[in-house]
Amino acid sequence: MSDWEIWLTIAVLAVATAATRSSFWLVGHHINIPKRVQEMLRYAPACALAAIVAPDLMLVNGSPLLDLINIKLLAGIVATIFYLLRRNMLQTILFGMGFYTLLRLMHVF
Amino acid sequence: MTEPSSAHPPDTSLCIVSAHHEAAWRAGLKAGTPTLFGIGAWGLVVGIAMVKSGLTVVQALGMTLLVFAGSAQLAALPLIASHAPVWVIFLSALTVNLRFVIFSALLAPHFAQLPWRKRFALGYVAGDMTVALFLHKFPDPAPQPGKLSYLKGLTYPNWAAWQIGSIAGIFAGSAVPAEWGLGFAGTLAIICVMVPLIVGRPALCGVLVAGAVAVLAVGLPYKLGLLLAVLLGMLTAMAVEEGTEKWRQIYRGQP
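Chain order of the listed sequences is A and B. FYI, the numbering for the first sequence is 2 to 110, going by this note's numbering. FYI, the numbering for the second sequence is 1480 to 1734, going by this note's numbering.
Take the hints with a grain of salt, since some may be wrong.
Keeping only pairs whose Cα atoms sit at most 20 Å apart, straight-line, the calculated SDA-like set for lysine to any residue is [said to hold, decoys possible]:
(1) A:K36 <-> B:P1564
(2) A:K73 <-> A:V61
(3) A:K73 <-> B:V1672
(4) B:K1597 <-> B:I1495
(5) B:K1597 <-> B:S1653
(6) A:K73 <-> B:A1691
(7) B:K1631 <-> B:A1654
(8) A:K36 <-> B:K1631
(9) B:K1597 <-> A:H31
(10) A:K73 <-> B:E1721
(11) A:K36 <-> A:S24
(12) A:K73 <-> B:V1674
(13) A:K36 <-> B:E1721
(14) A:K36 <-> B:L1676
(15) B:K1597 <-> A:H30
(16) B:K1616 <-> B:P1636
(17) A:K36 <-> B:V1537
Honestly, the hints are just simulated from the structure, not real lab data.
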């Protein structure tokens, strides 16, 4: 992307922040969100994050690699288990990066 | 619909909510302090990820100061790197941010009396942690002295910790060689944001479908596989929820 395209992207991301975080603040008073819409609002972010992370972990050079040689996938799974046990983001990132770096440097698999 | 201001004349309730309240400010500061280190570290990771995905230092600084939404920024980075169209990046960021709509609906009635510019700014800077801590202290949206001061005591240090961490990450990241693979810290951070959002079976099914579709549809043009994955994941989650409810009703012998 060229420089101006990146700045345009940054601008639309700022709009995305404002549109979601400030939306009901501008409305002001209390509004009941319908149940269906609440479900959508609740499930969409987790699905979006999964859709971002999954290709990052599972694709190697553009094709799926579900194997122990895929050290990103392995480190991602181990980090997820670590997070489920400890519930601490900082520790999980440090542990996951440590594990990933170890695999990368030692060519374990 | 209930107008919180209807119980008081507007001027009085505005004063009650917005007058500076030293004790509430300190209480907010105290409640938020234990989270600041984690927020700073999360900012650091996003800062590193921004420069490692190819943004210049100036672009990364602009992004952290203007966007101020870690998960949406992390979501946008791989899309920027793979030249996805701007509208696809916008829709992806909007989807990741949708949880904030619920937060804003919960928090906004507390400050309905403030002028709109102030409300807009407060909403813009109120992240996940701020909302959770504030609602823990003030569950009731009725005007109460010190509310605004408490919110500011939570929000300002939160904003500063995030920006300091993020800017440190931008400069640290640009000094570290790419082979270290520090960009992977961004992926790990997304996992840590995602896992607590997976509450219950419908969400788990939705996430699994979204992940699988995203991998299988990665070849679609304009990175549309991502949006398709979110859509199918969301529909799966809603279908599972409806199905579970129906099954429960049948099990209980209700119509």
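**Hints that the structure is at odds with (numbers, increasing)** = 1, 5, 7, 8, 10, 17
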